[in-house]
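Peer 1: Take a look at the letters that make up each chain.
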Amino acid sequence: MQMDGERIVDVWGARTPYEAGGEWPARVDELVLDEPERWVQSACVLCSNGCGLDIGVRGGRIVGVRGRAADRVNHGRLGPKGLYGWQANNSPDRLTRPLVRRDGELREASWDEAMEVVVARSRELLESMGPLSFGFYTSGQLFAEEYYAQAKVARAGLGTPHLDGNTRLCTATAEWALIESFGCDGDPGSYTDIDVCDTLFLVGHNVAETQTVLWMRMLDRLHGRDRPQLVVVDPRPTPAAREADVWLPIRSGTNVALLNAIQHELIVNGWLDLAFVEEHTVGFAALEKIVSAYPPERAADICGVSPQAIRDAARVLGTGERLVSTCLQGVYQSNQATAAAVQLNNVNLLRGMIGKPGCSVFQMNGQPTAENTRETGANGALPGYRNFENDAHVDDLAALWNVDPLTIPHWAPPTHALQIFRFAEEGSIRLLWITCTNPAVSLPELHRIRSILSQERLFVVVSDAFLTETAQLADVVLPAALWGEKQGTYTNADRTVHLSDKAVEPPGEARSDLDMFLDYAHRMGFTDRDGEPLLRFATPEEAFEEFKRVSAGRPCDYSGLTYEKLRGGSGIQWPCNAEFPDGCERLYVNHVFPSHAAYCESYGHDLISGAENEPDEYAAHDPGGRAFLKAAEYVPSPELPSDDYPFLLNTGRTVYHWHTRTKTARAPELERAAPEAWVELAPEDAERLGVADGDLVAVESARGKIEAPARLTGIRAGVVFVPFHYGYWDEPEGSEPNGSPHAANELTITRWDPVSKQPIYKTAAVRVQKVADGDGAAAVPAVASQERLG
Amino acid sequence: MNKIGLALKELYRAEEELADEYVKVGERLAAEHDVWYDCRRFADQCHLHAAAIRPFAARHEQDLDPPDDETVGQTTTAALRHKLSEVLGRRPESGLLLLRSLRQLYLQAQEVSFHWIVAGQLAQATRDHELLELVDELHRETLTQIKWLKTQVKQSSPQALVVGAGT
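Residue numbers (the working numbering), protein chains in the order written: chain A, 1 to 790; chain B, 1001 to 1167.
For reference, chain A alone in the conformation it holds in the complex (with noise of 0.2 Å):
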């Protein structure tokens, strides 16, 4: 049993070295707070790295938990998230009954009530403005059955293309980077990777934090007898930054520039494999052309960083001999996201490091589920990765579903999260449904969202276990089970699919998200063309057995996966069927991708603005198995600092929270560790502002404006740091400012990124004013990023 707080304070715990070609030594993480009876087994949803682990149960609750070391993904380990977080379980404020609004009022209801108020409403929608009068916004966080339902709802049972995840905020550019590289979603590296690299190259990826059981692994190969080179791209002195060989902090928005650079010294050195080059992929000529254009001197003067250190990073890359690339929200959430990305994926190509030991690019997923809302077709492509213009996939599938091809809505991508709320702003979109995730703090420029929100002729609904921000402004709020008290599965960016077993019953009257769409379904009447249910399963096991066969011969083939097959030991990677009935560790190891035309997700896009590539010029030019360089220039961020707004805001997570802080703010060590807001200033920045460490500051936007305490760190001269994770609902008022606003999202921008469609929101102009004295040390968390200076 490990001491109250202690993994607050050591985040990563003790080193467990290991060299290269060695096993990582497992070390088995457990937090309980009372003697379990029995242990139930499940993986951990507070990151995207799903690391496995058993829920302790004693006397029908949850009372701790502990890694399992033989789950290939942490060898036992577990970051403060996972040990702290499940407490939120046991929360007394659980939403535990139906809310419908009366007379401008929540009020509790049966779930008949509720039910049936959701599908009169949606009735009535169906027969004045059809199909395309709905949306769902979804979550990162339900399990693969729920969104798999929920996306045969959306597109079988009432045939609108807007169903999309909060994935698209955290997970959307992976997606694409990955289709635009090797012509269909997946992430062909494996964790074992970490094991046998030489050679680490983190671009805006704050693992430290964000993946801390990822940091472990490579801080122990990092502390091995073999240390690998390090690489790090980040504007904000993280952990990793700090371990760093090369640690480039470049101006944000500006990836794509320095990638380009990186390019140009692999070409001009010679560091490529020019056989790998030639055989498998195309484009090199017209990639050779653009970054020839990128000398480190342009690039550095783009960047901000010297073009040394561009030359250095580059002889790193160039000299290794086993490269692990990854990269997350400091290229996802920034500028150009997919082009930078796909720079990345470039890197690894150029270098023919794919599809071997210790050779692989991550692109990394923010959230634990987020890999399953792109498999399910719950966000911007069709369950099974499937291709919505191309006409034998979707007959495929409609086939598979007994419904006529022209029912599930392929004209045009699945409509992306901003769109949603586009259109719910413009009136066309009258029902919006939202599954457990939290708009009016999460999406950019809040005043928008609330007011869009708020609109008396939207009809809300909200599943959630808590009455977040945005359930306040809803019209139904239908209480949800969490993890622990259901069961599915869900899948992490190395394609590990785990099984979480239902430990506990929900509190009340709260249901898992699966019940929910299975009775709405039910209630709507939604049939197959032989008028038999559209939705033939009525439990978790049944979901993913249709699932499977949904999935079977698709990349992401679960076909040979069962329940029972992923009980006992450790998770298992996908694809897993007749060829690899144990799953698959590496994807691409004999160099073939999936771009073939009939078998690829898409036929790609021009990286600068977005416009879709034609299907025949696509088959004309069928690359048949080959992989992509896409090359991309720099094109500046659409909003730049000026006189008004001289400060570049960056905004991000802290290692103690999740997204809106739903769960986290309630487990009482995750709170403690970081309760409030705070805003992150070079102490060069400070200094001419007259701000102290501790001083109240304000930063605002041509959007909104925000307060928080000031905190003098390492950041980059010019930029802003500001966290994403504060909102109101523990507030007097609880879905908006009431006097002091603190959320992030007050100042982003409402732009997202041509090809993945994810919102841009690292990438704003500010100021910042002194507005008082402090009253000595802000209470925020001490994490190196957040190291205070001086």
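The reader is advised that the hints may include incorrect statements.
[What the hints assert, rightly or not] Simulated pairs of lysine-lysine, BS3-like, Cα-Cα distance not exceeding 25 Å: (1) 1009/B - 1024/B; (2) 289/A - 1147/B; (3) 548/A - 502/A; (4) 565/A - 548/A; (5) 1147/B - 1024/B; (6) 1083/B - 705/A.
Read the hints as simulated data drawn from the structure, not as lab findings.
Assemble the complex: chain A is given as a structure, and chain B must be docked to it using the hints.
Peer 2: Quick look at chain B alone, frame taken from chain A:
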């Protein structure tokens, strides 16, 4: 009369008119955030195209003015259009306005593309390597604009025309 110069002048004029249209549409549809930003980029791109054509036109006796650099959000009426778009953007009819604007842009972009085809033929027939290279690169950008417009039309037309149809 130098007919080649006239053809290049036509191309220049079409690019400048397309730039104007991007500016107008971008400002009028400010509530459609992607349209606003992309129109701004494309307006700038059209001005750059026009500027690139000038020296070639000059060689063929056409002295063209420098293109203007007016862009989305910076015209004298930008603030007014922005306000109007926010008000109109709260009405379902805003989808129809979007479609109409896309149609106009699509037609004008096709006109520009037509003139690039002509310019490419002229470059070949006059053995002008430099012009040929320019046409190759810039015509591709125009074709990408057209693809972008098609992408937008495909996505927005069902929502604009089908929701509430028949009621």
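Peer 1: All hints are to be evaluated individually against the structure, with a verdict given for each.
Peer 2: Results of checking the hints against the structure:
Restraint check for residue 1009/B and residue 1024/B: satisfied, since their Cα atoms lie roughly 23 Å apart, inside the 25 Å limit. Restraint check for residue 289/A and residue 1147/B: the C-alpha separation of about 23 Å stays at or below 25 Å, so the hint holds. Straight-line distance between C-alpha atoms of residue 548/A and residue 502/A comes to about 21 Å, which keeps the hinted pair within the 25 Å bound. With a C-alpha separation of about 14 Å, the suggested pair residue 565/A and residue 548/A falls inside the 25 Å cut-off, and the hint holds.
With a C-alpha separation of about 20 Å, the suggested pair residue 1147/B and residue 1024/B falls inside the 25 Å cut-off, and the hint holds. For the hint pairing residue 1083/B with residue 705/A, the CA-to-CA distance comes to about 21 Å; that is within 25 Å, so the pair holds.
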